[in-house]
Each structure stands twice: as C-alpha cells, then as structure tokens.
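Number of protein chains: 2
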Amino acid sequence: MRLIDEKAIEKIALGAALLGTGGGGDPYIGKLMAIEAIRQYGPIQMLDPSEVPDDAFVVPTAMMGAPTVLIEKIANGNEFEVIIKHLEKYTGQKVFATLPIEAGGVNSMLPFAVAAKLGIPIVDCDGMGRAFPELQMVTFHLDGITTSPMVVTDEKGNSMIMETVSNNWSETLARTATITMGGSVMISIYSMFGHQLKKSAIYNTLTLAENIGAAITDKQDTDVLPIDRMINFVDGYKLFTGKIVDILRETRQGFNFGKAKIVGINADKGESCEVDFQNENLVVMKGDEVLATTPDLITIVDLETGVPITTEALKYGRRVVVVGLRCDAKWRTKKGIETVGPRYFKYDIDYVPIEERVKGAK
Amino acid sequence: MRLIDEKAIEKIALGAALLGTGGGGDPYIGKLMAIEAIRQYGPIQMLDPSEVPDDAFVVPTAMMGAPTVLIEKIANGNEFEVIIKHLEKYTGQKVFATLPIEAGGVNSMLPFAVAAKLGIPIVDCDGMGRAFPELQMVTFHLDGITTSPMVVTDEKGNSMIMETVSNNWSETLARTATITMGGSVMISIYSMFGHQLKKSAIYNTLTLAENIGAAITDKQDTDVLPIDRMINFVDGYKLFTGKIVDILRETRQGFNFGKAKIVGINADKGESCEVDFQNENLVVMKGDEVLATTPDLITIVDLETGVPITTEALKYGRRVVVVGLRCDAKWRTKKGIETVGPRYFKYDIDYVPIEERVKGAK
Numbered sequence: 552m553r554l555i556d557e558k559a560i561e562k563i564a565l566g567a568a569l570l571g572t573g574g575g576g577d578p579y580i581g582k583l584m585a586i587e588a589i590r591q592y593g594p595i596q597m598l599d600p601s602e603v604p605d606d607a608f609v610v611p612t613a614m615m616g617a618p619t620v621l622i623e624k625i626a627n628g629n630e631f632e633v634i635i636k637h638l639e640k641y642t643g644q645k646v647f648a649t650l651p652i653e654a655g656g657v658n659s660m661l662p663f664a665v666a667a668k669l670g671i672p673i674v675d676c677d678g679m680g681r682a683f684p685e686l687q688m689v690t691f692h693l694d695g696i697t698t699s700p701m702v703v704t705d706e707k708g709n710s711m712i713m714e715t716v717s718n719n720w721s722e723t724l725a726r727t728a729t730i731t732m733g734g735s736v737m738i739s740i741y742s743m744f745g746h747q748l749k750k751s752a753i754y755n756t757l758t759l760a761e762n763i764g765a766a767i768t769d770k771q772d773t774d775v776l777p778i779d780r781m782i783n784f785v786d787g788y789k790l791f792t793g794k795i796v797d798i799l800r801e802t803r804q805g806f807n808f809g810k811a812k813i814v815g816i817n818a819d820k821g822e823s824c825e826v827d828f829q830n831e832n833l834v835v836m837k838g839d840e841v842l843a844t845t846p847d848l849i850t851i852v853d854l855e856t857g858v859p860i861t862t863e864a865l866k867y868g869r870r871v872v873v874v875g876l877r878c879d880a881k882w883r884t885k886k887g888i889e890t891v892g893p894r895y896f897k898y899d900i901d902y903v904p905i906e907e908r909v910k911g912a913k
Numbered sequence: 552m553r554l555i556d557e558k559a560i561e562k563i564a565l566g567a568a569l570l571g572t573g574g575g576g577d578p579y580i581g582k583l584m585a586i587e588a589i590r591q592y593g594p595i596q597m598l599d600p601s602e603v604p605d606d607a608f609v610v611p612t613a614m615m616g617a618p619t620v621l622i623e624k625i626a627n628g629n630e631f632e633v634i635i636k637h638l639e640k641y642t643g644q645k646v647f648a649t650l651p652i653e654a655g656g657v658n659s660m661l662p663f664a665v666a667a668k669l670g671i672p673i674v675d676c677d678g679m680g681r682a683f684p685e686l687q688m689v690t691f692h693l694d695g696i697t698t699s700p701m702v703v704t705d706e707k708g709n710s711m712i713m714e715t716v717s718n719n720w721s722e723t724l725a726r727t728a729t730i731t732m733g734g735s736v737m738i739s740i741y742s743m744f745g746h747q748l749k750k751s752a753i754y755n756t757l758t759l760a761e762n763i764g765a766a767i768t769d770k771q772d773t774d775v776l777p778i779d780r781m782i783n784f785v786d787g788y789k790l791f792t793g794k795i796v797d798i799l800r801e802t803r804q805g806f807n808f809g810k811a812k813i814v815g816i817n818a819d820k821g822e823s824c825e826v827d828f829q830n831e832n833l834v835v836m837k838g839d840e841v842l843a844t845t846p847d848l849i850t851i852v853d854l855e856t857g858v859p860i861t862t863e864a865l866k867y868g869r870r871v872v873v874v875g876l877r878c879d880a881k882w883r884t885k886k887g888i889e890t891v892g893p894r895y896f897k898y899d900i901d902y903v904p905i906e907e908r909v910k911g912a913k
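Chains as they are written, first to last, in my numbering: chain A, 552 to 913; chain B, 552 to 913.
Excised from the complex, chain A in its bound form (with noise of 0.2 Å):
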C-alpha cells in the first residue's frame, strides 16, 4: 500500500495520456476532480492486486459516453456514493475497492476521486492496460466476468441496475440509454471478487502511468528529449516522426471516427503517414506498409514537449512522433484479438506484434 498525492496525480494523468492511444478523453477533468477530491478528503491508498483478499468485492467506477460531453455536463459529484449504494444493496456486498476499467484517458482519474471521497482504496491494476471504446474490450470479459450487475446513472439522479445475457448487450443498452440520459454516464461494470482480479486484471499501470509522467517530465538530463527518455523507458517505438497535414473527422454512432496524415520530417523527411482511430487510434501505415495495429499502443506525442495528444487535440502543423508501445499478452490471444484485432474494427488486416512489424520494416 502507498498514499497518492496529488504531486502522484499529476504524473499518473500524463502517462495516462500516453496508455490512451489518443482516445478515452484528455484526463485533465479527471485529474481536477481527483486533485480536487484529495484537497477535500486526503491522500488516497493505492494497493498492490496481490494486498486485495481474495473474497473481498471490487467494482471498477468509469464515466460512460462522450468526454466532450462531460466537460459540459460535470458530474454532480455524488453519482459514485450513489451507484455504490445501490450495488450493495442489489449484491448484498461490501464494496472493499475501486479500480479503473482503462488505463487511458478521464477513466484512469475518476477511480481515484472515487476513492477519496468514498475512503476506499484504489487497486493499482486496470482492464486494459491502455483505452478502448466498447465496454467488452477488457481482459475481466476475456474471462468471463460478466459485465451485469452494471450500474449506470447520470447526474440528475436517475439510475440503472442492468443484468444482461452478455457483455455486447449491456454495451448495446446502457449505450442508448448514456445517449437518453445526456450522452455521458456514470457506471460501475464488472463488479467482481479478489481472486478474480487478480487473475485477470492487468497489474501495476497505474503505476506503470506514473513513471511515464515522470520520464517525460523528469528535469535532471536536460540534454535528453523527453519523447527519448519516454520511449527508452517503455522500450517502445519511435515508429514515424512528422507535421500533421491533415485531419479529418466524423461523428457516428457515439463514436469519434477519423484520419490523421502526417509528412516526415528528420529521419523520416520524404515519406509519409496515416494514423486512423475510432476514438482510440487503431491502424498507423507508412505508405502501403502497416507499422502497428490495435490492439498494440498507438499513441501520437509532441515532438519538442514528450506530451501525449488526444486525437480531439491533433491539428495542422504540429510536429510529432507517433509512438508505438506492445500490447499485454492477455491481448494477444485468439479471443483477445477477436475482441479488439483490427477485423473486429474492419480492418482487413491481420493482427501481427508491433516487434515483429518493427522488425521486418523496410
């Protein structure tokens, strides 16, 4: 166990931003409510998955919906002591700890304010280990754990308790009922007992976020950039390095979907790239030649600062490296790539290690 301060907050919001493969939201509002929620109710326990007691009963907490949204329409404040209520008196359960669905984005800061203002611990893993747009793209649902009983309420005071047939139809209800209720929600999912995280969580990200933070931060080598103490530190990528040139973007079906296009510069100078995402970035080619694909890390940085950009903050002529980061192996298995490999996005490309993709590049 360790105590999060908001000095930790501040470092675990920017290697947030880098696990968000662009998507997930910019944490800076998650970040203001776990900073804001600290000041109120003190520093927050961050346990090891390993201090959790195996019949103890966990819920993650996450935000629902559009990000965007959430900046216009803040939380109540008392939506979590809210869901929380009604999931221990719907389970007959003792919720003993939060934890993030992803490591990515607004939903890697919110368990935190959780945590502070409901004084339980938050668990130092996710179901990620970076951002995903669909409610089944988790390790837990790897496993079988269900997604139900999922609470879902917004902040006027209405509230959902859905118990499903499986994880796509409770993507598919409490998605038209975040749309219904004002586009974004807040819920617990995957509410679940100790020995069961532990098998399928994946560990330690949110430290694992920290030390990003720190790394792209750090003042002592001056002489280094941050994008190189970054990537040196997550034995990652430097896959393209360029000058946005253009953007596009569409809004379907809840989702963000687009393209980012990229010039070389440096290294690259006379070549050329794409990133596309459907909120998180999914698919980087040079060319004819994939670089990376989902479910492996694609996040795109500044250049000069090491900062990760979301993808509603990428525009024209900003200079930056698109990084690439290997996926958890629970990732690379033949459902984990059933449920988030490029096919399940329509790609027609098949699911290959950014190392091996790397390695083999022209």
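Careful, some of the hints might be misleading.
A pair holds if it fits inside one copy or across any two, identical chains being indistinguishable in the list.
Restricting the straight-line Cα-Cα distance to at most 27 Å, the calculated cross-link-like pairs of lysine-lysine (DSS-like) are [unchecked claim]:
#  : residue 1 : residue 2
1  : K640      : K707
2  : K707      : K886
3  : K645      : K770
4  : K810      : K866
5  : K668      : K897
6  : K749      : K636
7  : K810      : K707
8  : K881      : K562
9  : K645      : K750
10 : K707      : K770
11 : K866      : K820
I should point out that these hints are in silico values taken from the structure, not numbers from a laboratory.
Start from chain A and add chain B according to the hints.
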C-alpha cells in the same frame, strides 16, 4: 375473493376492449396467454382491493411498447418470474399480488397470466379505469406513488431495475430501452403497499369489464341490439352513428397517431364526425362541435355486434357507433386534467365533462 376461469376471461377481455378506448392493443393475445395459463395452473384468485392487507406488497405487471410487435415477438413466458425475482431481491419484499396498470387492451389481460403462472392473486382494480399511452398516466402518479423501482425485461433475458427522479424520466428511459430491446418489453412498475393501493386505485374495473362483456354477449333479450344493452349498462352515450369513410395513420416516436372520419347514418344522417387518436381515442368532433375529449372514454364500437374496435382494426365502410363514457372522478381533478387532459395532448380545448357536453349538444 372469487375464482376466475376461462369463461370469465372471455368476458373481461371483451369489456376491456371497450375500456381500452381503441388503444392498448387488441386484448386477444393477452387473452390467449391468460387462458393458456389457467389451463396449465388452474383458476385465478381475484381479490377485492379491500381484501389486500395494508402492508402487503402489490405489483402491477404490464407490457410496454407496441402491442403489434408483441404479436411478432412472442414472450418467452418467463419474463415475469425474472421480474418478480429481481424486484423481491432488490426491495427485500415478498410480492403478495399483481394487478393491471390499465383496464384496457393487452395489459388488462397479462396480469391474469402472471397471477396464474406465479400462483398469486390478482386485485380487481387498475390505475386508469381505461387505457392511456404513457407511464405517468395513472392514478398512482396523481397520488405521488413512484414508478421506481421499475423492472424491465425482454424475451432474451436482459433486465433493468430503474430508479428515477420522476415518473416522466421513467417514461423516457424505459421508452428508449424498449426500442433497443426490440420494440416490446415486459415490466413491473408502481410497486406499492396495500394501503397505497386502497387509496389510489380505481376499484373493481375487472368486474366492470366482465359485466360489460356480459352485456354485449347476452343472448336473453334478442330484441335489443348489443350496443344498446351495453350503453344502458354502463350509463354511457351514443355520441355518433355512422360509416367509416377515411382513416389516417402515422407512427411517430413510438406512438400511433391518426384520425377516423365517419359520415352519419340513422339519427346522424347528413352529419359527419372525426375521432382523433394517439394510441387511444382522444377527441371526437361533430363538425366544429367537440362531443367528448380525454380523459372521458371514447370508443368506436361495431353497430351490429357491439364489439369494440381498436384503432388498428378501423376499416373503410364499417358501420359503427362512437360511444362515450364518463371517466373516473380521479381524472377530473386539476392534476388529473394536467396529466391526461386534452391540452397535455396538444389540443387547444378545455376539458369539459362529457355529461355537460352532451347536455349542451345541438
């Protein structure tokens, strides 16, 4: 307490079609379900509201959505067992009895099937004394009883428990859930205690429906037309007699809107009449003269057989009588008229009780 058998069900279904004021779907499919359940589980206990203990937990059961969809998408037969299980678990209360939320259409019959199958009594009352299209249009709502916790389930096995901040929010959220779940769902709503039921329900509407059915089908006095026996029994009004010459229908936002045009025959020869509906018949006009409006009951009945006709079954050339009936006094209060009066349905007409309109008629 009395026992309800197949014969009683036949009569109740027929009478419920009159109280259904054209909407709520043909009770036919609900009747089949009730009869099937009686054949399998035996006759159903029907209690007078006065026989329900004050602290007994009673639960209206119903379908929500388009009755026409229900016919295509037959219930799996276990929806209400699932609903009652969820509700008992969530509230910690044992369900003592069920009742219909409305006295017309499919929903007048479904609770009989539920009662037979679950081995619980049905209470001889409802929350409308007729049928209405929206969830908050019940006498329970007028007395501040909440829809929550509302349970929604589909034939696939998905279910939701909803706790909302208002009965109108229940309507909104359940309506979109219904559409996502395939257009029709089974629900429990306005669960309450015996003392609330006794204060807020409209009493003995199932017995009323049965007696209306008996009046229509009575074979004793063949000199009198069924329509006249029925009008006489319910102390109602023959508002207009004629032949249907035009039907306009439009489906918007999950409701059936429309208008039937009727040209007079017999005493009404030379006149013409229009009946407007939104699922249920709402307003009947003779030329510029308003003959009756919601919440008073307006039902179109076959001239020869006295059988009530739902809006779906209105057809060119059919000879009909437009029948008017006084609504329950609970609907004639300020809140009652606000909730279901003509202005709620966007008509620029004040509510005037049908007996005053008839008295003042030209």
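Of the numbered hints stated previously, which ones are contradicted by the structure, given in increasing order? 3, 5, 7, 10
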